[in-house]
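Protein sequences, first through last, are from chains A and B. The first sequence begins at 1 in my numbering and counts up by one. The second sequence begins at 1 in my numbering and counts up by one.
Fair warning: there could be bad hints in the mix.
[To be verified] Anything over 12 angstroms on all C-beta distances counts as not near chain B; from chain A, calculated:
(1) Ala136
(2) Val153
(3) Ala188
(4) Gln189
(5) Ala198
(6) His208
(7) Glu219
(8) Leu227
(9) Asn229
[As the list claims (entries may be wrong)] Under the rule of at most 20 angstroms between Cα atoms (straight-line distance), these lysine to any residue pairs were calculated in the SDA-like manner:
(10) Lys367/B / Val32/A
(11) Lys302/B / Gly260/B
(12) Lys302/B / Gln409/B
(13) Lys122/B / Glu85/B
(14) Lys65/A / Asp361/B
(15) Lys302/B / Leu19/A
(16) Lys367/B / Arg99/B
(17) Lys65/A / Pro447/B
(18) Lys367/B / Ala26/A
(19) Lys226/A / Arg204/A
(20) Lys200/A / Gly221/A
(21) Lys302/B / Ala25/A
(22) Lys367/B / Ala25/A
(23) Lys367/B / Gln313/B
(24) Lys408/B / Gln296/B
(25) Lys302/B / Thr315/B
(26) Lys302/B / Gln18/A
(27) Lys226/A / Ser203/A
(28) Lys212/B / Gly274/B
(29) Lys367/B / Asp31/A
[Said to hold, decoys possible] To spell it out: a stretch of chain A is covered by chain B in this simulated footprint if at least three of its residues, at any positions, have a beta carbon under 8 angstroms from a beta carbon of chain B; those stretches are:
(30) 44 to 56
(31) 121 to 127
(32) 138 to 149
(33) 231 to 242
Quick caveat, the hints were computed from the structure, so don't treat them as lab data. For each residue, glycine too, the CB sits at the ideal point set by N, CA and C.
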Amino acid sequence: MILLLAALLAAAEPAGAQLFADANAAYLSGDVSRATAAYEALVSEGVASTELETNLGAAYLRQGKRGLAVLHFERALFLQPGDDDASADLVEVRRGNVDRLEGDADEAGAETVARLLTPLPGTAAAAILAVLWPAAWVLFGLRLLRGGPRWAVVAAAGCFGGALLFALLTWGAAAGRDMAMRRGVVVAQAVPAREGPAEKSLSRFEVHEGTTVSVDDEEAGFRRVKLANGLTGWVPAGTVELVVPPGWAGRPVLTGSARAVQP
Amino acid sequence: MIPKRTGNALRLALLVALPALASAGWKGISAGEVELSATADASEVALDGTLTLRIAVTYASKADTGNLEVPTFADFDVVSRSQSEQVTFTLSNSTPSFRRTVITSLALTPRRAGDLTIEPVKLEFRGQRFQTEPIQVRVVPAGQALRRRPPGPDRLADDRLGESLDPFADLHPGQRDLILRAMVDNERPFVGQQVTYSLYLLARTNVSSIEKLQIPRLDGFWSEDVEAPQQLVPEQRILDGVPYTAYLLRRRALFPLRPGKAAIEPAEVQVLTGFGMLFSRESSRRSSQALQLEVQPLPPGKPAGFDFGNVGQWTLSASAEPSNAPVGQPITFRMVASGRGNVRDLRLPRLPVLSGVRAYDATVSDKETIERGQINGTRTVEQLLVPERTGAVEIPSLAMDIFDPVQKQFRTVRTDPIALRVDAGPVGQPAAEPISQNLLAKGGIRPIRLHLGSVQRATPPWAQPWFWPALGLPPFGLALLLGIARLRRMLQVDPGRKRMELARSAAAKRLRRARALLQRGESVAFYAEIVRAVTGYLADKQGIAAAGLTRDELVSALLARGQPEEPVRRLVRILDDCDRARFAPGSGESPAREAMLGRTDQVLGELDRGTR
Chain A
1 MILLLAALLA AAEPAGAQLF ADANAAYLSG DVSRATAAYE ALVSEGVAST ELETNLGAAY
61 LRQGKRGLAV LHFERALFLQ PGDDDASADL VEVRRGNVDR LEGDADEAGA ETVARLLTPL
121 PGTAAAAILA VLWPAAWVLF GLRLLRGGPR WAVVAAAGCF GGALLFALLT WGAAAGRDMA
181 MRRGVVVAQA VPAREGPAEK SLSRFEVHEG TTVSVDDEEA GFRRVKLANG LTGWVPAGTV
241 ELVVPPGWAG RPVLTGSARA VQP
Chain B
1 MIPKRTGNAL RLALLVALPA LASAGWKGIS AGEVELSATA DASEVALDGT LTLRIAVTYA
61 SKADTGNLEV PTFADFDVVS RSQSEQVTFT LSNSTPSFRR TVITSLALTP RRAGDLTIEP
121 VKLEFRGQRF QTEPIQVRVV PAGQALRRRP PGPDRLADDR LGESLDPFAD LHPGQRDLIL
181 RAMVDNERPF VGQQVTYSLY LLARTNVSSI EKLQIPRLDG FWSEDVEAPQ QLVPEQRILD
241 GVPYTAYLLR RRALFPLRPG KAAIEPAEVQ VLTGFGMLFS RESSRRSSQA LQLEVQPLPP
301 GKPAGFDFGN VGQWTLSASA EPSNAPVGQP ITFRMVASGR GNVRDLRLPR LPVLSGVRAY
361 DATVSDKETI ERGQINGTRT VEQLLVPERT GAVEIPSLAM DIFDPVQKQF RTVRTDPIAL
421 RVDAGPVGQP AAEPISQNLL AKGGIRPIRL HLGSVQRATP PWAQPWFWPA LGLPPFGLAL
481 LLGIARLRRM LQVDPGRKRM ELARSAAAKR LRRARALLQR GESVAFYAEI VRAVTGYLAD
541 KQGIAAAGLT RDELVSALLA RGQPEEPVRR LVRILDDCDR ARFAPGSGES PAREAMLGRT
601 DQVLGELDRG TR
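Starting from the given sequences, assemble the full structure and let the hints guide the process.
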């Protein structure tokens, strides 16, 4: 029995726990490069974890790589939208961001909305919707076809009302997820944003590492990014990392992508 | 290039190898700046034999030299005395380290048999006095062979004195005049245990200088220079009765990283031999032999959570200063692990969360030293603690599991608990200034997480291709059911109703058949067919079985069904006419029969309209 319990406990231990512990030990002993390498090894093995992303963000920040730090804190928040540590760390990092946006009052609401919508229990709402909606139609059909009892009408109305409410929740979560899927972080120290997807295009402004953008389009090795204040430009694809990497949340895995993981 | 030392170095007369030093023992002291040791090459000697007392003084500075006091030797006679000096310069952790070792060798002969004592050697250095422990030697009667411990793996594992082992015990040079010899002091170390790798050049000719030295790659080991002599220091060795001069070229400490067989490739050296600038100078190249190590895994019984880097002889201590502090004023917590082993791979315990105390990121500093060929180290972890409330705070005892390769067992070393007293700060005094660690660039972020969780961040249901079509299924299904029900209702036919609906057409059909009979001249059959058309119509459409009724009953039944009286009368007349014609053949002409057909069709049409 004890052996069985031990085996169950061992099986319950998440994959890569030992490497994670080694990385933490390296981080705590000041060997941040080693810690970062071990954390990245876990990421490349497909481990998707809030703790891993938070620690990796902290390690990058201690190495002075602000863009990558923001990226991994954002990923931690995508995995666990309410994570307190990742939120606090992200706020700390952003205090030191080079880019200060002006006139972002109109557009900053988009991120606020996304932050509000993303934590919505979309999956649960969708599941409840998937139950209430057919139930409402079944009750309605009973009444219609078989002349069922009067309470069937009341129950059908209740189910329709509930289904509407949860449909709204599902829609909100879907909208938040859609925004999150388009979110990216500038990881290059500084990069000019151009009018078109070409090096020869006129540069309209410059963005710096750690700035969060919305990736609206992609073409010819460039990404069209939109800042929170509405400024839009094309930057080389490698300078902006998507918060939701290929392999996460149904995003297709790109051939040859070093970060192509499947949680 | 390592130039040959030509100064006042006296040849050190080490007569024999020193395999029994562990039992004879080395007795030494260390005070950081200076190390003093005295070793005898045997624990047992014959009355007519000699033993060598080797006194080594290592200084950490170039200039100062202490005053060495050699004992008067009550039980021994000094038959020879020699002195040599070697200087090493190493870089450890980018920190230069200078060491100068003065070796005094004394050849002693005992005056009597029995258990004798070599008195302590004394040293006065910078006003401080040091001395070694006395060394016990057993003297047997003349002519008896010396009892020396046989070499073997266990002894190799136990002996940690790199210099005390004879690297040439199994070497038979033959006619060779230049030999490069590599050796390790332990061929079966544990993972993480230090192995000392030494490289010697043995020469029968004069060695002018070392032109090139190629140390092998040491894959599978973490390595550190122990000695890298800048000058060639000669030592005399007798190999198979032939005198050789031995030069230590390099000594490195190796820490095996994984268990199993580990190979050390041969080293190579380019040597310039001959005298001066003109006399037969020659460049020669030599390779050492390869070495094989059997690295042992740590034995069973590993404590839970044991870190494989914690191999060595370590001690752990902790302190906190000040122990009394007002709220908001920082307290420095310091934890120190020191001892023998690879400090770089050491994992120290972590300070737990203390209630009411804010802890900042720890800073770690390592310091390595080399003592008698062994890598020693000290890791210091400093952490700033800022108390946030008054009262007593205790920093609990912190424990670290280690594996002691000498004792071959796991041990746990612990710090003592530390009691802190936090008082209220003076009124009006601001709290401690924000320290640099709280700045963003210096790690003003939250502590990392220690436990790995996993998240299944799969595609949400609403993003699945089946989700929205599945929601469309219920209304579609209901609509489908309604449609099917309606269709079924449409397709459902009542035979009575069908008969009723088809009554008029059935009557018309019979009338057409009657017309055919009329054309064939079959008058009886013609009238019978007309009667069947009428009675069939009445049965199907009106539900009246005319055959069992009188004409009056038939009229009454039809009138009761709301039929107008005129068509009913004419229908009865048609039936009467048909009966008369059937039972009185020959009556009725062809035009009258045609008219009968028309009348019948007309009456049935009127009754049909009356029924609707």
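Task: Numbers of unmet hints, in rising order - done: 1, 33
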